[in-house]
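Asks: Listed here are the chains, written in short residue letters.
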Amino acid sequence: MNSMLLQINYHPEKRCAMFSQQLVNGITAGGMYALIALGYTMVYGILKIINFAHGDIFMIGSFIGLILVKQVHLGLIPAMLISMLIVALLGIVVERIAYRPLRNSAKIAPLLSALGVSIFLTNFAQLVWGTQTRAFPSSFQITTFQVGNVALSSMQIYTLLISILLMVGLYLFVQKSKLGVAMRATSHSVENARLMGINVDNIISLTFGIGSALAAAAGILVGLYYDAVYPVMGYTAGLKAFTAAVLGGIGSIPGAMLGGLLLGVFENLGAAYLSMGYRDAIAFGLLIIILLIKPTGLLGKNIQQKV
Amino acid sequence: MIEVIKRVVSRPQASLGLLAVLAVLPLFIKSDYLVHVLITVGLYVVLSLSLNLVSGFTGQLSIGHAAFYGIGAYVTALLMLRLNMPYWATIPIAGIITALFGLILGLPTLRLRGDYLAIVTLGFGEIVRLVFLNWDSLTRGPMGLPGIPSPQIGSLIFTSKIPFYFLILAILVITVLFMVRVAESEFGLSLIAVSHDELAAEAVGIPTLRAKLLAFVFSALFAGIAGGYYATYISFVSPDSFTFMDSVTILSMVVLGGLASIPGVVIGAIVLGLAPEVLRFMADYRMLLYGALMVIMMIYKPDGFWGAKHRVRNAVLKNLEKKHTRVKRGEPLDSK
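Chains as they are written, first to last, in the numbering used here: chain V, 89 to 395; chain R, 139 to 474.
Be aware that a few hints might be false.
Unchecked claim - In the DSSO-like style, the derived pairs of lysine-lysine whose C-alpha atoms are separated by at most 27 Å in a straight line are:
1. Lys439/R to Lys136/V
2. Lys195/V to Lys439/R
3. Lys136/V to Lys264/V
4. Lys195/V to Lys382/V
5. Lys382/V to Lys266/V
6. Lys195/V to Lys136/V
As the list claims (entries may be wrong) - With the C-beta cut set under 10 Å, the calculated list includes, among others, these residues of chain V facing chain R:
7. Ile134
8. Leu177
9. Ile180
10. Val181
11. Ala194
12. Ile196
13. Ala197
14. Pro198
15. Leu199
16. Ile207
17. Asn211
18. Gln220
19. Ala369
20. Phe372
Read the hints as simulated data drawn from the structure, not as lab findings.
If you're wondering where the values come from, they're calculated on a predicted model, not measured in any experiment.
Here a beta-carbon is modelled for each residue, glycine too, at the ideal position from N, C-alpha and C.
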């Protein structure tokens, strides 16, 4: 029995198939991480705070999508759009209540305030929707294609397509539109942006809205992909997305996309070749190593400390 | 009103009086539940004070403190279960091992500051918990380690909650004395200098790296001892007791009490430690309220209960101020 296992493991073709399969799974997961990571990175880029409630906003988005599909019987795409809209509003409200009054206070205050919002939202979800894990019914037939050695499900293709579509949309918005330019200016320097006549408060609200909407979309995709929605799902997903944002260079939008993909791939390969149980530990270990070697991440700007 | 309370609490006689009250308290409390609540609060006070050394005095934000607590608990549990060691012998070992981990976590502070450091501590906390969860052969994974024996003095085995109460009181007193001593020492002053402006501290010749590392080491040491106590008191450890939420709870106690203020942190730990018991009537809404209160507190009183004005006045600093006034008045410095 043991020798047979060894044979399979050391069979070059099988190893190659396993590698490509994990690569595909990793890219799919990475796309979803990237969507959540964008919210962290955009907020950090402007306000320099870690929005610890972002993972919970992602979870709320997933639940709203689930309700719209299951109880209102909407299609997946309309459900996703409505959930994105509601959650964008939620993100804006959270910023107004919990972060705006603290904009000029010490670093630790917004962090704890964010943790407070996170605790509030998790417990709110537990009260309203219960603590059990719910299945996310997919309204479409899932077929699996065999490409070479790799099994590719239609779910993975949809997930990846939607992620890419949203990211390209965001990229175009930030690069080409007037509001996008204002966002970039604010992220560069809040004071200078204000001097240029940009309404910084509105831009910050917009940033929270867009970030939260992307997290809601990711919430629905993750719920569908793993067929599970539960109140504490935002915790690990949020932490990993944050890892992705740091990996790519926090504050950088292309960095978040790259970081998400890399994290998804590393994690899946690590889980396959090293140990399943340590999958999350691999992600956090990677995070610490990146921070120690290059704290600005792969695509981040160098921040010089002024004396 | 609050000012009067603060002035009274600041006096050494008040501390002695409080200690006397705490020492005879178990005579009047007949309910095991109340003693348990007191023990839990005591444990939180020790944990908050230990975190305060890093996050309060030194200003290095740490959101992975439960990891040290957990390492201390697991080391004590394993030594007692596998090697049949008595609890008393495990205290120094658990303390030293946790302190070593503190040194390891302190090393990143040489390069990282602020949010980035907070994330490293968070990642460290998660990795430690995942190791508890996955190292089945040693920690039995999610099932945890049950049946940890109670401490024993001669023929007296700790069976009721009363001896445990006195044990945590002793640990607490030692911790408070240590922290007060640190606050009044030159080491404490260098920690505060690091928290105010690291570059400036470095520039005036304070060994900032050594100060930061030592802060992490002592912080971990006390958290580890608290963890060992927890293991023998509850007689069961599992990865569920040392989560991110536990780290957040300890940090909230420090911040809500007032960073870098010893009485503040003690009050913060007592208030937040009692809150879950007092709010018990709210049942399911308890944590919802807790989250909302955290936000409100940060908005209206970001300095904590014990505002910045009442932070520790370092003895070295006081001495310098005294000398300064003497020089101003033209008095000679060395005369009494």
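Asks: Find the hints from earlier in the document that the structure breaks and name them by number, from lowest to highest.
Replies: Violated hints (numbers, rising): 5, 7, 8, 9, 10, 18; every other hint is consistent with the structure.
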